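Peer 1: Sequence:
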Amino acid sequence: MDAPDILIVGLGPVGAVMASLCARQGLKVLAIERDLEIYKQPRAIVLDHEVMRLLNLIDCADGVLAHSIPSMGYHFVNQDWEVLMKRDPPPCDAPTGYPFANLFHQPSMERTVRAKLEHEPNVTVWLGAELQSLGQAETGVQAVIKTASEEREIKARYAVGCDGSRSMVRQTLGIELEDLGFDEPWVVVDALVPDGATDLPRQGVQMCDPERPTTCVPSGPGRRRWEFMLKHDDRAEDVVKFESLKSWIAKWTDPELIEIERSAVYQFHGLVAREWRKGRVLIIGDAAHQTPPFMGQGLCTGIRDAANLAWKLGCVVRGEAPETLLDTLQTERAPQTRAVIEGAIEMGRVVCVLDPDKAAERDRRMIADREGGRPFALPGVPRMTKGILETPGSGEVLPEGFVHGPGSRRRFDDVAGYRPLLIINHARFEGDLPESVYGVLSVGILGGERDGVTVIADEDGAIAELLGQAEALLARPDRIVFGTGDVKDLVERWGVYLETGRTEAIAPSKDEKAVA
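Numbered according to my numbering, the sequence shown spans residues 73 to 588.
Quick caveat, the hints were computed from the structure, so don't treat them as lab data.
Treat each hint with caution, since some may be false.
Said to hold, decoys possible - Distance condition first, Cα-Cα at most 25 Å in a straight line; then the derived DSS-like pairs of lysine-lysine:
#1 Lys458 to Lys560
#2 Lys227 to Lys100
#3 Lys313 to Lys303
#4 Lys350 to Lys188
Keep in mind the model is a prediction, meaning the values are calculated, not measured.
Hey, can you work out the whole structure from these sequences and the hints?
Peer 2: What follows is the structure, given as structure tokens:
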């Protein structure tokens, strides 16, 4: 085979999304995976609205939604079922057009993404292929890959490690993990639940019981997940057996009514790689960070990494940006990732209280705060703070717009693709578009028409709210708002970002200062 542009090590969900996004950039990809088949048991169970929108960029959102259900909320209760805190879903979808949180079946999601890869002419997949060694030179990487029949040496321009928490790529690079100070063993149980067979709560429930902290959450159509915290005298080989699980599940429902798919002991911890790039090799997903599951952001965080990186690799390989643009992966993603992990750890510390007196005090405090209108605030995913301008709306997730035609309604993402987006405020912009826009940015217009520009229907007014009084809004390919302001300045500053990876050193224009 011809030398690929990108070697992807690991074809779990993050690697598969990464491969598809790279293909959308016109890059030649070789993706290798040690296992011959998709892992049959569910692991991640939550995809938020932003990530579902990113999956739509590779035409997979509808297929994933077919194996998902919207979250009905998340409640913290004590052992007496008193509500300590709750978050119920808003009555409408998110501005991206998807439910705020989606509970899904991971093997089905992976099959959907893999099926798309089969139709990507730029992607070659080797299953049953294991990385033996990885080296690099000034012009590329060299990998030795073992298949069932031979060892092959492959050269590529860049390599991306998507090979999980025990990443060989990370170990080969000698990258250390920073421990954020949370390390607790839990047994995770996935079960099939016949429709209508039980009276399990529709919401996800975190039971803060000092006797046995427990999570019970829907995990896709007809499925349920329990997570039970282990104590120092619990033995892993015992707690995964049905007899142990039966007594714990009996507190929730009749265990004879469900079918356990799998049970396994996991160490919940918070870790972040100290380096995400060394030369021409990068790591993303669990290879770069690991989080306790309390926020449901493990897989979401990895897919955000892929969406951040793939278009940058495209720019670099095509010669549109210097290699230093790849350093912005860690610059931009690490602060947001760390905040998510720290938020999950904060939630875990609320949950994992085993001392009865301390648990009772926690309950009294949280109930009093809730009744007094000061409920414990569940952490959320913070806005991006790097790789954006200091203008109103920067760092937010771009709301979805729609394109209406005769008898049709399409998402603007489906028209624009995985590219930067310039959205023009018709009421504010009267000039001509810079020549540098054409062929580089996807362009849409809000609130009017202009020759050669796609008209966007802003059905809930969310895009107009972000635009405010600005002439335009520029969004990155990963659908993060780069900035709002003057069209000419936005386009110029996007060019500077590609060339330098920097935005904070560029002063806003006088017009933008007035808008702000």
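Peer 1: For every hint, state whether the structure bears it out.
Peer 2: Hint check results:
1. With a C-alpha separation of about 21 Å, the suggested pairing of Lys458 with Lys560 holds against the 25 Å cut-off.
2. Proposed proximity of Lys227 and Lys100 is supported: the alpha carbons are some 12 Å apart, at most 25 Å.
3. Proposed proximity of Lys313 and Lys303 is supported: the alpha carbons are some 16 Å apart, at most 25 Å.
4. With a CA separation close to 30 Å, the supplied pair Lys350 and Lys188 exceeds the 25 Å bound.
Violation of the numbered hints given earlier is confined to hint 4; every other hint is satisfied by the structure.
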